[in-house]
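Novice: Which chain is which? The protein sequence lines are V and U, in order.
Numbering (our numbering) for the first sequence: -2 to 474.
Numbering (our numbering) for the second sequence: -2 to 474.
Keep in mind that a hint or two might mislead.
Restricting the straight-line Cα-Cα distance to at most 20 Å, the calculated cross-link-like pairs of lysine-lysine (PhoX-like) are [what the hints assert, rightly or not]:
no., chain 1, residue 1, chain 2, residue 2
1, V, Lys141, U, Lys141
2, V, Lys180, U, Lys470
3, U, Lys262, U, Lys333
4, V, Lys334, V, Lys356
5, U, Lys180, V, Lys180
6, U, Lys180, V, Lys470
7, U, Lys470, V, Lys195
Pair ranges (Cβ atoms, derived) [as the list claims (entries may be wrong)]:
no., chain 1, residue 1, chain 2, residue 2, range
8, U, Arg27, V, Glu409, 45 to 51 Å
9, U, Asp183, V, Asn458, 33 to 39 Å
10, U, His230, V, Asp183, 29 to 35 Å
11, U, Asp183, V, Ala292, 54 to 60 Å
12, V, Ala347, U, Glu54, 54 to 60 Å
Covered by chain V, according to a simulated footprint, are these stretches of chain U (three or more residues, beta-carbon under 8 Å) [as the list claims (entries may be wrong)]:
no., region
13, 77 to 83
14, 132 to 138
15, 436 to 450
Keep in mind the hints are simulated off the structure, nothing from the lab.
Backbone N, C-alpha and C fix where the C-beta goes; we use that ideal spot for every residue, glycine too.
2 protein chains.
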Amino acid sequence: MIHRQEIANVLKSPTVGEDVTIMGWVRAWRGNRFMVLNDGSGAETLQVVVNGEDFDEETIRAIGFHACVGVTGELVESQGSGQAVEVVAKSITIHGAADLSEYPLQAKSQTMEFLRENAQFRMRTNTFSAVFRLRHALAYAVNKYFNDRNFYYLHTPIITGNDAEGAGEMFRVTTLDPASPPKDEDGNVDYSQDFFGKGTHLTVSGQLQAEIGALAMGKVYTFGPTFRAENSHTSRHLSEFWMIEPEIAFADIDNDQDLAEDFLKYLINYCLDNYRADLEFLDARIKQAEKNMKAELRRPMGLIEMLEFTVKDEFARITYTEAINLIQRSKPYKKKKFEFPVEWGTDLQAEHERWLVEKHFKKPVIVRDYPKSFKAFYMRLNDDNETVAAMDILFPYIGEMVGGSQREEREEVLRTRMKEMDVHEDELAWYLDLRKFGGCPHAGFGLGFERMVMYVTGMGNIRDVIPFPRAPKTADF
Amino acid sequence: MIHRQEIANVLKSPTVGEDVTIMGWVRAWRGNRFMVLNDGSGAETLQVVVNGEDFDEETIRAIGFHACVGVTGELVESQGSGQAVEVVAKSITIHGAADLSEYPLQAKSQTMEFLRENAQFRMRTNTFSAVFRLRHALAYAVNKYFNDRNFYYLHTPIITGNDAEGAGEMFRVTTLDPASPPKDEDGNVDYSQDFFGKGTHLTVSGQLQAEIGALAMGKVYTFGPTFRAENSHTSRHLSEFWMIEPEIAFADIDNDQDLAEDFLKYLINYCLDNYRADLEFLDARIKQAEKNMKAELRRPMGLIEMLEFTVKDEFARITYTEAINLIQRSKPYKKKKFEFPVEWGTDLQAEHERWLVEKHFKKPVIVRDYPKSFKAFYMRLNDDNETVAAMDILFPYIGEMVGGSQREEREEVLRTRMKEMDVHEDELAWYLDLRKFGGCPHAGFGLGFERMVMYVTGMGNIRDVIPFPRAPKTADF
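Take these sequences, add in the hints, and give me the full structure.
Specialist: What follows is the structure, encoded as structure tokens:
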């Protein structure tokens, strides 16, 4: 049995004068005397004073950057500045040395690309351990928010036989031998012989199934991986990412907007309240990186300042029609600075969304009531017959953080929309059943989890906020 | 905006004499006067008194089993027995009628198979809403347990390029056209042209990647979907299921056993403390179903009694060698009642595990130190060179609930084991790196989430504890 104390706990309630046993990785080793240890339990390190005369040369030699050591010693008040306490080593165990001549991570900082390729060590850096602690914090806050409010966590399927989700390109899941798959009489691949007796894919959304849950258990949410087989090489897209999709019965688009705004603010507040040290580290990191940038390229606010600003104020709420009008009256529109056209009936592009959020409102914006022409079949038709009760929440830096809608609960209207949009009824008979028997107004939204992690950590590339990113030509580890 | 109160909240702090608005599904409609509503917020229902003279005939007619209605009325002390309060309706809204002549679920109870095929309504039954609330409870308890103890939630990849996980048959993930995939010079399918630039599959375990996390952040856990492309048609196996895999640095097999036992007891206690009404419902359901069974087919204890018994006592802890000796001295062994042979070096079969747990110890049993011959390459070799520091936790009814091990942290020993077991070093260079640079003793285990849900709910078929089960020839919804 191994006994040790976690550094985060030692620092939280230091028992000065008593012996402690800590174990961790060497983050600094100064003058063959001061060893700085981090054990991942938090952003904080604990300094160990190693008196050379108390240890043999071999031990001293094995201590080095990123070696893994265990130390037992007395916790004393720190002599130097910085931390309140330090440990005077009585015994040292070298769990694992790290030969720096071979070790991929050197003391100087590495490029983000290099760290991605060496993900077996990426989490050992200060930056990424902070990022992944905050990712954890956000995941926990998601579950806590919903649990505290009587939502039930619903595991919707990852492998789906549904072709009708329609949110993007899908990955095929199969056990057929691709070298010689069985064929039917017409020479087509015979998926009835595949594992599930039909063609199956990886889910792009759990929403349709979550509606089943909401119309039985009232309030549910999903939190699981979703997939897009799109050949996007941007800093905003992943082929595998995590999504959160609450779905609530007895709710309209106004309830939906209130829930989403309250939820997003809760997530940010949770990090501000509980992970301050990690946020401060990342805040300082960004300021350092921006030091030599031109003023107009720097972020207008520091990371923590921006997060506090986001939760303080109410989000702006406008309709799509108002958004179009605002953009058409804007300076960049008049000066023809926008690349894409702006007229009623076309979707907003990133450049328009950024102008609304970053230039005009200078805070998150909820846009609702989009034209039905470019929105999904399940969104509730408004009384104007032209728009649907859909809403997007736009964030600075990120763009679309949340997309949601009230769902069409009227069976006949839904059938008509499905026909218009070429969604086959027979594949979604169960979905229509939810309207036919004991239906009610209901609504929900989806939050791309990694986008929230990007916003809270200030990381610029989505591949740096998920432990093992999947993207075209990228499936290492 | 829709305003309503949840039934669970109304019952928790009833404001007698005030008006409430509740919405839900009709669970009973007696004498055209007493309407029993459930809204999914809990197991409890709330009775609504509908005075016929206050409502038109059409409204009264539309109320029926599984219709969805909203009611505003005064909360009064209940006249009848059972509940403390009821609602006297002042206004009623029919959100969605349910024509019983077409509705698949009738008032009398349905077979489990029928409900599985009609999963769009399954959660509206008392049994399944209780099961899925408990599934939520367990999921929340998993996250709370680890968060409260400084573990970080790590999302390991679902799509893996790793062939070396070796825990079972895998599903291929591809975007190649299976009718005419690209071939290389030798006529083999050219996966370098596939989406990820190589062959990829659905993960069977996040453990190897979780070790990266533990060796940087100290204590991590995964909680996500895992997959087996095995043609099993049993009541214990799914093709897609959720798994929890904690992984901890600075831990040996003893720490691992302590953590697992504490964790399992916490999960059960959490349900006993917070979801009593659902457990009582399921307990009564089992007793009802067993009424006409022979005594020897009934469960030896009621559901709640069994859960309380599980958390009260310490789990038995034995070695594999002790287990073999016990079984060889057992009555069924001597009477040749076991189907499979029992000798040192062969794996324990379900029949042996059940005897140990249900007949001999009559409580959960942790078996450790299995022969290396049938265990995975990453398990730490014991000093006897014959066994590894692996442990399984066996539960009544369920069999193996947890499988875990201390991991082999010695680089050279690991290399030897990989060679012996034909695991290619080049595919796991990153895994070996974790030993080469700053390694330490570490351990972890895996818990099949659905098995725990089965144990806590008393459901006999694993397909009835996951909302949308995936199994051979089964991928509906």
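Novice: Indicate, hint by hint, whether the structure satisfies it.
Specialist: We went through each hint and held it up to the structure:
1. A distance of roughly 8 Å separates the Cα atoms of lysine 141 of chain V and lysine 141 of chain U; the hinted pair therefore holds under the 20 Å criterion.
2. The straight-line distance between the Cα atoms of lysine 180 of chain V and lysine 470 of chain U is roughly 18 Å, inside the 20 Å bound, and the hint therefore holds.
3. Taking the CA atoms of lysine 262 of chain U and lysine 333 of chain U, the gap is about 35 Å. The hint is violated against a cut of 20 Å.
4. Pair hint lysine 334 of chain V plus lysine 356 of chain V holds up; C-alpha atoms about 14 Å apart against a cutoff of 20 Å.
5. About 18 Å separates the Cα atoms of lysine 180 of chain U and lysine 180 of chain V, which keeps this hinted pair within 20 Å; it holds.
6. As the CA atoms of lysine 180 of chain U and lysine 470 of chain V are separated by approximately 18 Å, the hinted pair is consistent with the 20 Å bound.
7. Of the pairs offered as hints, the one joining lysine 470 of chain U and lysine 195 of chain V holds, with about 8 Å between alpha carbons and a cut-off of 20 Å not exceeded.
8. Range check, arginine 27 of chain U to glutamate 409 of chain V: about 32 Å between beta-carbon atoms, so the 45 to 51 Å window is missed.
9. In this structure the hint that aspartate 183 of chain U and asparagine 458 of chain V lie 33 to 39 Å apart at CB holds, the actual value being about 38 Å.
10. In this structure the supplied range 29 to 35 Å holds for histidine 230 of chain U paired with aspartate 183 of chain V, their Cβ-Cβ distance being about 30 Å.
11. Here the CB-CB span from aspartate 183 of chain U to alanine 292 of chain V is close to 59 Å, well matched to the stated 54 to 60 Å.
12. A C-beta distance of roughly 56 Å is found between alanine 347 of chain V and glutamate 54 of chain U, which places it inside the suggested range of 54 to 60 Å.
13. Residue count for the region 77 to 83 of chain U with a Cβ under 8 Å from a Cβ of chain V: 0. That is fewer than the three needed, and the coverage hint is violated.
14. Only when three residues or more bring their CB closer than 8 Å to a CB of chain V does the claim for the region 132 to 138 of chain U stand; here the count is 4, and the claim holds.
15. Coverage of the region 436 to 450 of chain U by chain V holds. Counting CB-CB distances below 8 Å, 3 residues qualify, and the rule asks for three or more.
The earlier numbered hints that this structure contradicts are 3, 8, 13.
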